[in-house]
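Residue numbers (UniProt numbering), protein chains in the order written: chain V, 1 to 310; chain S, 1 to 172.
Do not rely on the hints blindly, as some may be mistaken.
Straight-line alpha carbon distances no greater than 25 Å define the calculated SDA-like cross-link-like pairs of lysine to any residue that follow [as the list claims (entries may be wrong)]:
{"hint": "1", "chain 1": "S", "residue 1": "LYS7", "chain 2": "V", "residue 2": "TYR255"}
{"hint": "2", "chain 1": "S", "residue 1": "LYS7", "chain 2": "S", "residue 2": "TYR44"}
{"hint": "3", "chain 1": "S", "residue 1": "LYS86", "chain 2": "V", "residue 2": "ALA86"}
{"hint": "4", "chain 1": "S", "residue 1": "LYS7", "chain 2": "S", "residue 2": "VAL39"}
{"hint": "5", "chain 1": "S", "residue 1": "LYS7", "chain 2": "V", "residue 2": "HIS271"}
{"hint": "6", "chain 1": "S", "residue 1": "LYS14", "chain 2": "V", "residue 2": "ARG252"}
{"hint": "7", "chain 1": "S", "residue 1": "LYS86", "chain 2": "S", "residue 2": "ASP69"}
{"hint": "8", "chain 1": "S", "residue 1": "LYS86", "chain 2": "V", "residue 2": "ALA41"}
{"hint": "9", "chain 1": "V", "residue 1": "LYS78", "chain 2": "V", "residue 2": "PRO301"}
{"hint": "10", "chain 1": "V", "residue 1": "LYS122", "chain 2": "V", "residue 2": "ARG252"}
{"hint": "11", "chain 1": "V", "residue 1": "LYS49", "chain 2": "V", "residue 2": "TYR308"}
{"hint": "12", "chain 1": "S", "residue 1": "LYS86", "chain 2": "V", "residue 2": "LYS78"}
{"hint": "13", "chain 1": "V", "residue 1": "LYS78", "chain 2": "V", "residue 2": "HIS271"}
{"hint": "14", "chain 1": "V", "residue 1": "LYS130", "chain 2": "V", "residue 2": "GLU117"}
{"hint": "15", "chain 1": "V", "residue 1": "LYS49", "chain 2": "V", "residue 2": "ALA86"}
{"hint": "16", "chain 1": "S", "residue 1": "LYS86", "chain 2": "V", "residue 2": "GLU151"}
{"hint": "17", "chain 1": "S", "residue 1": "LYS86", "chain 2": "V", "residue 2": "TYR66"}
{"hint": "18", "chain 1": "S", "residue 1": "LYS14", "chain 2": "V", "residue 2": "TYR255"}
{"hint": "19", "chain 1": "V", "residue 1": "LYS49", "chain 2": "V", "residue 2": "ASP34"}
{"hint": "20", "chain 1": "V", "residue 1": "LYS78", "chain 2": "V", "residue 2": "TYR66"}
{"hint": "21", "chain 1": "V", "residue 1": "LYS292", "chain 2": "V", "residue 2": "GLU233"}
{"hint": "22", "chain 1": "S", "residue 1": "LYS7", "chain 2": "V", "residue 2": "ASP34"}
{"hint": "23", "chain 1": "S", "residue 1": "LYS7", "chain 2": "V", "residue 2": "SER147"}
{"hint": "24", "chain 1": "S", "residue 1": "LYS7", "chain 2": "V", "residue 2": "LYS49"}
{"hint": "25", "chain 1": "S", "residue 1": "LYS86", "chain 2": "S", "residue 2": "TYR44"}
{"hint": "26", "chain 1": "S", "residue 1": "LYS86", "chain 2": "V", "residue 2": "GLU233"}
{"hint": "27", "chain 1": "V", "residue 1": "LYS292", "chain 2": "V", "residue 2": "GLN82"}
{"hint": "28", "chain 1": "V", "residue 1": "LYS130", "chain 2": "V", "residue 2": "ASP119"}
{"hint": "29", "chain 1": "V", "residue 1": "LYS130", "chain 2": "S", "residue 2": "LEU16"}
{"hint": "30", "chain 1": "S", "residue 1": "LYS14", "chain 2": "V", "residue 2": "ASP119"}
{"hint": "31", "chain 1": "V", "residue 1": "LYS49", "chain 2": "S", "residue 2": "ILE33"}
Calculated directly from the structure, the hints in this document are not laboratory data.
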Amino acid sequence: MQNQDGAVADREKESAVSIPISEVDDWANFADDDIMQQQSAIHAEEAKKIPFVGDKEPLSMLAAEYESGSPILLEKIKVLDQQYAAIRRTRGDGNCFFRSFMFSYLEHILESQDRAEVDRIKGNVEECRKTLQSLGHTDFTFEDFFSLFLEQLECVLQGNEDSISQDELILRSRDQSISDYGEWFGWLVVMFFRFVTSGEIRKRSEFFEPFILGLTNATVEQFCKSSVEPMGEESDHVHITALSDALGVPIRVVYLDRSSCDIGGVSVNHHDFLPTSGDKSNAKGGSTVPVKPFITLLYRPGHYDILYPK
Amino acid sequence: MSTPARKRLMRDFKRLQQDPPAGISGAPQDNNIMLWNAVIFGSYIKYGSISYSGFFSGWDCSPDDTPWDGGTFKLTLQFTEDYPNKPPTVRFISRMFHPNIYADGSICLDILQNQWSPIYDVAAILTSIQSLLCDPNPNSPANSEAARMFSENKREYNRRVREIVEQSWTAD
Chain V
1 MQNQDGAVAD REKESAVSIP ISEVDDWANF ADDDIMQQQS AIHAEEAKKI
51 PFVGDKEPLS MLAAEYESGS PILLEKIKVL DQQYAAIRRT RGDGNCFFRS
101 FMFSYLEHIL ESQDRAEVDR IKGNVEECRK TLQSLGHTDF TFEDFFSLFL
151 EQLECVLQGN EDSISQDELI LRSRDQSISD YGEWFGWLVV MFFRFVTSGE
201 IRKRSEFFEP FILGLTNATV EQFCKSSVEP MGEESDHVHI TALSDALGVP
251 IRVVYLDRSS CDIGGVSVNH HDFLPTSGDK SNAKGGSTVP VKPFITLLYR
301 PGHYDILYPK
Chain S
1 MSTPARKRLM RDFKRLQQDP PAGISGAPQD NNIMLWNAVI FGSYIKYGSI
51 SYSGFFSGWD CSPDDTPWDG GTFKLTLQFT EDYPNKPPTV RFISRMFHPN
101 IYADGSICLD ILQNQWSPIY DVAAILTSIQ SLLCDPNPNS PANSEAARMF
151 SENKREYNRR VREIVEQSWT AD
């Protein structure tokens, strides 16, 4: 019995490695492993086209993409061009929101050297850690990811032994070999944000439930498990709200889509995700803190990039 | 050499020893932390009593025994240096009859495939598999005979499962 099973296992392994997709005529033998291999091959192919985090580009580069496309989009890009100086693209691998947020936040700290903000967010990160613990997660499943993010915060503050320049931040965000965690830096920090987002959604499941039902018809638990925690799952307004609330960081999302415009002129919609201080309601009355977002993302259906205001 | 994967697996092991979920045991093989043996005990499998991600909702939901009762099902977990960023390859060594388990013992379970997240440790993986045993996912059948029987002829399905249980006592 055992030997028989072993033989089957080996045969399946061989077929997974050697048979090109087009020659698979028996789909019954095309198992999960094969599908996963094919998916990762597609991802690897995509990965070569755009780095995790691209260079700053003028908005005219964006316009060039739509030259023969929708006139509404071209008009909207003109409007954007008046308000924004540049765009920085991120790779469309399903992690673009988190990666854009990561880079944009660290770059903001690097440029502003806002130590008060760093101290503030560290407090929120500590809260997130407690949230995950109270939800029953084992410490060691998330603590490395938390440490890594906190390390990066120290690195972008200047005057430390391990301070880094902006060039270094870009290299680090792109690099696929820098960390000794067995995976890429850009991957691990994204995972940190996924943990934080999932924890916030689970903690305030009553608040998030109706929005999740609107999106996917899934329970909060199912949603976190299938759409937040795994890498490469795309983000929606639920993720953005949760991350913004958890870390206390306001986020502006500018929408570049074909939605129709007011009569008399083209305008570009944006939405500000402003963190609520709901949890500290005793102190602050649960109100929205009126702050101007320092993170601006450009949303085109299915993808987020970073925008730089003039 | 102590790599991040190995360090993490040591912590996984410690947790499994100190705080083992009911009906589950697991340990690395001698001299190889990357390859684990595990056992899932069928007596602890209860209908709908375990949630997927390892958070327990209690053992008191249903007192009913399942057809898996009494079985001792052996598995191996093969880890790579990419753990916990990539899931381990998990395989039943014991012969199984289940809609989501292939003939070679490999398991069709979302968190071991496209929905993997480092949030799962070995204990969570094994409890997820434990709960899969009596809550199959009929939408992704790995064993179409088992899947058909599970939905059309529960009595025969249960009989086949109990056969597997009996085999699990003698097989080694």
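To see whether the hints hold, each was checked on the structure:
For the suggested pair S/LYS7 and V/TYR255, the alpha carbons sit about 44 Å apart, so the restraint of at most 25 Å is broken. As the CA atoms of S/LYS7 and S/TYR44 are separated by approximately 30 Å, the hinted pair breaks the 25 Å bound. Distance hint between S/LYS86 and V/ALA86 is unfulfilled; the C-alpha atoms sit about 36 Å from each other, more than 25 Å. A hinted pair counts as satisfied when its Cα atoms are at most 25 Å apart, and S/LYS7 with S/VAL39 qualifies at roughly 23 Å.
The suggested pairing of S/LYS7 with V/HIS271 is violated, with an alpha-carbon distance near 43 Å, which exceeds 25 Å. Annotation: proposed proximity of S/LYS14 to V/ARG252 is violated, straight-line Cα distance about 44 Å (limit 25 Å). Annotation: proposed proximity of S/LYS86 to S/ASP69 is violated, straight-line Cα distance about 32 Å (limit 25 Å). Using a Cα cut-off of 25 Å, the hinted pair S/LYS86 and V/ALA41 holds, with the two alpha carbons roughly 15 Å apart.
A hinted pair counts as satisfied when its Cα atoms are at most 25 Å apart, and V/LYS78 with V/PRO301 qualifies at roughly 19 Å. A threshold of 25 Å between alpha carbons decides the hint, and for V/LYS122 with V/ARG252 the separation of about 21 Å falls inside it, so the pair holds. Note on V/LYS49 and V/TYR308: the hinted pairing holds, with a Cα-Cα distance of about 23 Å set against a maximum of 25 Å. Of the pairs offered as hints, the one joining S/LYS86 and V/LYS78 is violated, with about 43 Å between alpha carbons and a cut-off of 25 Å exceeded.
With a CA separation close to 19 Å, the supplied pair V/LYS78 and V/HIS271 stays within the 25 Å bound. Between V/LYS130 and V/GLU117 the CA atoms are separated by roughly 20 Å; this keeps the pair inside 25 Å, and the hint holds. At most 25 Å may separate the alpha-carbon atoms for a hinted pair to count; V/LYS49 and V/ALA86 meet this at roughly 20 Å. Only pairs whose Cα atoms come within 25 Å are accepted, and S/LYS86 paired with V/GLU151 is accepted, the gap being roughly 23 Å.
Straight-line distance between C-alpha atoms of S/LYS86 and V/TYR66 comes to about 38 Å, which puts the hinted pair past the 25 Å bound. A distance of roughly 48 Å separates the Cα atoms of S/LYS14 and V/TYR255; the hinted pair therefore is violated under the 25 Å criterion. Taking the CA atoms of V/LYS49 and V/ASP34, the gap is about 24 Å. The hint holds against a cut of 25 Å. Of the pairs offered as hints, the one joining V/LYS78 and V/TYR66 holds, with about 12 Å between alpha carbons and a cut-off of 25 Å not exceeded.
This hinted pair does not check out: V/LYS292 and V/GLU233 have alpha carbons roughly 28 Å apart, beyond 25 Å. Between the alpha carbons of S/LYS7 and V/ASP34 the distance comes to roughly 30 Å, so the proposed pair goes past 25 Å and is violated. Restraint check for S/LYS7 and V/SER147: satisfied, since their Cα atoms lie roughly 16 Å apart, inside the 25 Å limit. Of the supplied pair hints, the one linking S/LYS7 and V/LYS49 is violated, its CA atoms being roughly 34 Å apart against a limit of 25 Å.
At most 25 Å may separate the alpha-carbon atoms for a hinted pair to count; S/LYS86 and S/TYR44 exceed this at roughly 28 Å. This hinted pair checks out: S/LYS86 and V/GLU233 have alpha carbons roughly 15 Å apart, not beyond 25 Å. Among the hinted pairs, V/LYS292 with V/GLN82 is consistent with the structure: their alpha-carbon atoms are about 19 Å apart, no more than 25 Å. Restraint check for V/LYS130 and V/ASP119: the C-alpha separation of about 17 Å stays at or below 25 Å, so the hint holds.
Among the hinted pairs, V/LYS130 with S/LEU16 is consistent with the structure: their alpha-carbon atoms are about 22 Å apart, no more than 25 Å. As the CA atoms of S/LYS14 and V/ASP119 are separated by approximately 34 Å, the hinted pair breaks the 25 Å bound. Of the supplied pair hints, the one linking V/LYS49 and S/ILE33 is violated, its CA atoms being roughly 37 Å apart against a limit of 25 Å.
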